[in-house]
Amino acid sequence: MTRRTEKIASLLKETITEILMHELNNPLFKNIITITDIKLGADLKRAVVFFRVFAADPKEIERALNHSKGYIKKLLSEKITLKFMPDLEFKMDTTEEQEKRLHELFEKIRQDKKESEG
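Residues 0 to 117 (numbering that gives the first Met the number 0) are what the sequence shown spells out, left to right.
By construction, these hints were calculated from the structure, which means they are not laboratory data.
Here are the simulated lysine to aspartate or glutamate pairs, EDC-like style, with alpha carbons at most 16 Å apart:
{"hint": "1", "residue 1": "K72", "residue 2": "E13"}
{"hint": "2", "residue 1": "K38", "residue 2": "E5"}
{"hint": "3", "residue 1": "K44", "residue 2": "E5"}
{"hint": "4", "residue 1": "K38", "residue 2": "E88"}
{"hint": "5", "residue 1": "K90", "residue 2": "D56"}
{"hint": "6", "residue 1": "K73", "residue 2": "D86"}
{"hint": "7", "residue 1": "K73", "residue 2": "E17"}
{"hint": "8", "residue 1": "K78", "residue 2": "E22"}
{"hint": "9", "residue 1": "K12", "residue 2": "D86"}
{"hint": "10", "residue 1": "K68", "residue 2": "D86"}
{"hint": "11", "residue 1": "K73", "residue 2": "E88"}
{"hint": "12", "residue 1": "K90", "residue 2": "E61"}
{"hint": "13", "residue 1": "K12", "residue 2": "D92"}
{"hint": "14", "residue 1": "K6", "residue 2": "D36"}
{"hint": "15", "residue 1": "K78", "residue 2": "E17"}
{"hint": "16", "residue 1": "K82", "residue 2": "D42"}
{"hint": "17", "residue 1": "K58", "residue 2": "E96"}
{"hint": "18", "residue 1": "K72", "residue 2": "D86"}
{"hint": "19", "residue 1": "K44", "residue 2": "E88"}
{"hint": "20", "residue 1": "K68", "residue 2": "E17"}
{"hint": "21", "residue 1": "K29", "residue 2": "E61"}
{"hint": "22", "residue 1": "K12", "residue 2": "E22"}
{"hint": "23", "residue 1": "K6", "residue 2": "D42"}
{"hint": "24", "residue 1": "K29", "residue 2": "D56"}
{"hint": "25", "residue 1": "K68", "residue 2": "E22"}
{"hint": "26", "residue 1": "K12", "residue 2": "D36"}
{"hint": "27", "residue 1": "K38", "residue 2": "D86"}
{"hint": "28", "residue 1": "K73", "residue 2": "E22"}
{"hint": "29", "residue 1": "K90", "residue 2": "D36"}
{"hint": "30", "residue 1": "K44", "residue 2": "D86"}
{"hint": "31", "residue 1": "K90", "residue 2": "E59"}
{"hint": "32", "residue 1": "K29", "residue 2": "E59"}
{"hint": "33", "residue 1": "K72", "residue 2": "E17"}
Modelling step: build the complete structure from the supplied sequences, incorporating the hints.
Encoded structure:
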């Protein structure tokens with residue numbers, strides 16, 4: 000990622016977080032939603048917004064966020080001046096779950112190795 004892309008991603012992350020916390024009236028968004036990362040396309044016209052949610056159904060939140068993405072984009076364009084405001088796509092961040100699964104697999108391999116040696 001270029002320095003410019005990193006700056007834009009950081010600004011988008013900060014502003015989307017602010018919008019979710021203060022400007023959307025959907026009761027689903029009153030749950031704790033954390034924007035974990037933003038991946039911008041090379042042309043800066045598409046942004047995938049990764050999030051984690053607590054105390055709610057992540058799939059339901061993902062559907063609601065993607066349903067509201069046009070309005071969120073409009074609010075972003077009122078707060079940030081960019082030549083092109085990227086199209087948004089919200090995706091649940093599964094990195095932590097994947098790390099946990101990998102850790103469990105490695106632990107199982109260690110246990111199997113111990114059992115076969117001992």
